[in-house]
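Line by line, the protein sequences give chains A and B.
Every letter in the first sequence is one number past the one before it in our numbering, and letter 294, counting from 1, is 1104.
Every letter in the second sequence is one number past the one before it in our numbering, and letter 121, counting from 1, is 217.
Just so you know, the hints here were simulated from the structure itself, not pulled from any lab data.
Mixed in with the good hints, there may be bad ones.
Unchecked claim - Restricting the straight-line Cα-Cα distance to at most 30 Å, the calculated cross-link-like pairs of lysine-lysine (DSBU-like) are: (1) A:K1259 / B:K210; (2) B:K210 / A:K1255; (3) A:K1255 / A:K958; (4) A:K958 / A:K837; (5) B:K598 / B:K518; (6) B:K474 / B:K259.
To be verified - If you want the ones that stay clear, here's a sample from chain A, every Cβ over 12 Å from chain B, calculated: (7) A853; (8) L1137; (9) L1287.
Just so you know, these numbers come straight off a predicted model, no measurement behind them.
C-beta: ideal position from N, C-alpha, C; glycine also.
Each chain, letter by letter, is given below.
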Amino acid sequence: MMSFLILPEVQLTLWAVLLLVVDACRKNVPTGDVTRMALLGVALVFVGTWLLPRDGSVSGLISQLYALDPLALFFKRFFLVATFIVVWMAGEHAGQLPMARNEFLILPLFTTVGMLLLASARDFMTLFVALELVTISFYVLVAYQRDKAASLEAGTKYLVIGALSTGFLVYGIAFLFGVVGSTSLQALEVHLVSQPITPALLFGMLLVMAGLGFKLAAVPFHVWAPDVYQGAPAPVSAFLSVASKAAGVVAVLRLFAFNGFNNEILLTYTSTTFAVLGAATVLLGNLAALPQRNIKRMLGYSSIGNAGFILMGVSCLDYRGVEAVLLYLCVYLLATLLAFFIVTLLGRDADSEDVPQLAGLYHRSPLLAFGLMIALVSLAGIPPLAGFLGKLGIFAAVWNSRLQHEWLLIPAIIGAVAGLYFYLGPVRAMFWNEPQREASLLPIKPSSKLLVVILAAALIVLGFWQQPLADVIYPVLKRPAPSAVQAAVSQP
Amino acid sequence: MNLTLLLILVFPLLAIGDILIGRTVRQGGMRVRQTSLLAAMANLGLVLCVLFSYDIARGGYQMVFEASQLRLPFFFPITFALGVDGISLAMLLLTALVSLAAIGASPENVRREKEFFICIHLISLGAFGAFLSLDLFFLYVFHEVALIPTFLMIGIWGNQDRKFAANQMTLYLGGASLVLLVGLLAFYFALPEPLRSLDLRVLDANVGRATLSPRTQTNVFLLLLVGFGALVSIWPFHSWAPKGYAAAPAPAAMLHAGVLKKFGLYGLLRLAVPYLPDGMETLSYFLLILILLNVFYIGFVTIAQKDLTMMLGYSSVMHMGYLFLGLLAATSASSDFSSAMVGLTGMVLLMVGHGLSAALLFGTAAEVRERTGSTLFKDLGGLSVKTPVLGFLFIIGGLASIGVPGLANFSGEVLIFFGTWKAHTPFVVLLLLGLVISAVYMLRAVRHTFFGELPAGVEFTDLPAAKRVWPYALLAVSLFVLGICPAILTRAVQPSLEALFK
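Construct the entire structure; sequences and hints are all you get.
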């Protein structure tokens, strides 16, 4: 049965290796074919997640390392959806690459394998290996356009700061191992519930938090984000902004949100840390985005700001908070990927990615202008678009948290209003201004148009009819994760 | 399951769909306008049908349409439910009338016509949805539907410093909505766990006037007052309104000043009056001071205006003071129930009357701008010689807004003053004096615009025949009809207001 558990990871690895081999053996494989095959692979794995054992019961050695609970399943599907759209984007972008176009489409699959593994990690070792797989493949992806100085600069920055954060993470894990005597998360949970809290333990958790804060792009570990988002190819920025952030979120949720529910001291420490980080991140992300002119850089700051809202949800450390975070991630995925998808399509025939370049886009391509407006307005959290649901969930979780964090709503409101202003910047340019050039856009494939329409329609429809989102999230909340801990604690 | 109310929301959507598809099928300007007019007329017809088929004897929410919605273990239960009672009927009638007039008053040959009408339909859809929704979630969401279309309309088709006005208005309203959201959350979570609901029907059945402790009521009411109040443009949260309305193209100003602005008052009527009476009581003097500032401070600012549309914008802010005074009548419900009823009925009537007269004034002011190219008083004068019909219509709007008997606003204002006289006599006396201010600025505006010397070198014509007159005539006639026979509304409104106090 063991092999069934890691079926998605195995399936995707084999598919990616196969594609690499075929691409290496045969000359001049068309990029379009590779895109289609990569998409097919991701789709097959996505369907395959429904074949996994339903009860998630795992026994034997692997149960210490690998969990297949609803949380893991939710995130596996989340990563696969994000990968699907990102690979599609990469296919649109590949034409601009100087060389090794096909590898650009296959590499994200390896990143996804890391993410799938990360969603299930139940041991610090699995978690670390998975996280490194994700990060190292991103080093390559970020610096992919090596004829561009900006891309190389982004790659170097990501590498240096990524290595630093890995250092933090490993150092933190070492401390935790020293205290708990095991790298298993379950052992850590049991320890937290049954043993007194020591400074070494807190220090270790703080370091782990710092290591994961890098993934989330949370203040003060955010410094890499704007430069990297601006320099990296648009599909990679999208991947970073959605999937890599969600990878950080799943690790944070597993480590912190489902932990220490019964330990008041730890609860206070953890939640205060997350609350302060969240408030700082929301303020910095949204305020620093105000003067930005480059749309990818602006979306980079937006991604920081959104990480702040997510951290606010995490800081509640209860199920309402987890639910809000999951809801937020779902609508964030749709809106961010739609925005980056359109930026990718525009990038093919624009000389720069500056916001004024968008002037009068409405006249040149109503569909793209409309789609980008929907995406940005949804990111700003304005009803009736789906993005509002995420903000509403976070606001409600914060207001009703037993930890008395109502003050968080003040930075949240300031951040949201600032966000409203800068998200509307491209909308102003697209709709208010006349185009600077008459040239019409390069033709867009009908299938890509369809994807834009589907994503935009999803953002509108989910704003009014939210049940599909609820159905996706419901299983995670139905079966509380810490039941295993309680069982372990009740057996003396 | 009654689909009538859903149809009201479907018609604007159908019109939008037709406009979008028409891009490829049929070109030609008139078609877009005709489709839009058709949809708005259908909605007015529907609203009238609903108004006359509403069963007053039975009361409560009727013609309910309900579709089950979001159910998550830790999230709010959200229900998509539409329904009407007397109060929402009054607001629906206002929305339908102003929407139709706004579409009729849209300039001919407007640039980027399709987007223009799509934006109008979206604003109108938002207003209809907000007044129809029985669930606070959708009440809030539908109101916000109008935010982005308004932003686009001011930015694309606006005048004067449209960019600044559009940004300011959108940020202001966006921020106010977030405060309102926090207020609604505070209200929801302040309720005891088993009674929590966003559904107005469930709240009606379960939550009483004293369910929340007085202290909680005060806090929640303060949040709601700031949130809803900023949307209504109560002093000191008013600065978005005059600039925004002056810059907005006529239909946007008509719909926003006429209809959407009333959403805040509607929300307070729905939530504060039945569930937060102690909070209102505690803060009534605070609110009275805001009202005084709203009427006198803004009133004098209005007199000082040199621009017709800015003056109208400030005047619409000033009149909000009287509407809030009507709301305060509810505080005397425990001691003097009939006064409270009289005052609140007056408030609803004045909401409708002010909406109609504001729309009429903004619409005719835009006609003036179209003819003279300016709305500065120094460039205007003597227009009534050339445009008697336009002048007549503007003057009706002006007279209505200063509360001349025979027009709808008068009956509303009188009832508000009667309703609050006993509880707040000195304030009411002061506020009655405030009406003189509005007479001063409105008559000055009429004199500067339509009488006196005709500025040299200006060539223009009157409203060309019935095609341009009917939207304003519709509003003017409605003002007369509701002024002479307010019972059309009050017979349905009053029982619903009484139900708020059960």
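Here is how each hint holds up against the structure:
1. A:K1259 / B:K210: holds, 21 Å
2. B:K210 / A:K1255: holds, 26 Å
3. A:K1255 / A:K958: holds, 27 Å
4. A:K958 / A:K837: Holds - the C-alpha atoms of K837 (chain A) and K958 (chain A) are around 26 Å apart, at most 30 Å.
5. B:K598 / B:K518: At roughly 23 Å apart (the allowed maximum being 30 Å), K518 (chain B) and K598 (chain B) satisfy the hint.
6. B:K474 / B:K259: holds, 25 Å
7. A853: For A853 (chain A), whose nearest Cβ neighbour in chain B is about 28 Å away, the distance exceeds 12 Å, so it holds.
8. L1137: violated, 8 Å
9. L1287: The claim is violated: L1287 (chain A) sits with its nearest Cβ about 5 Å from chain B, within 12 Å.
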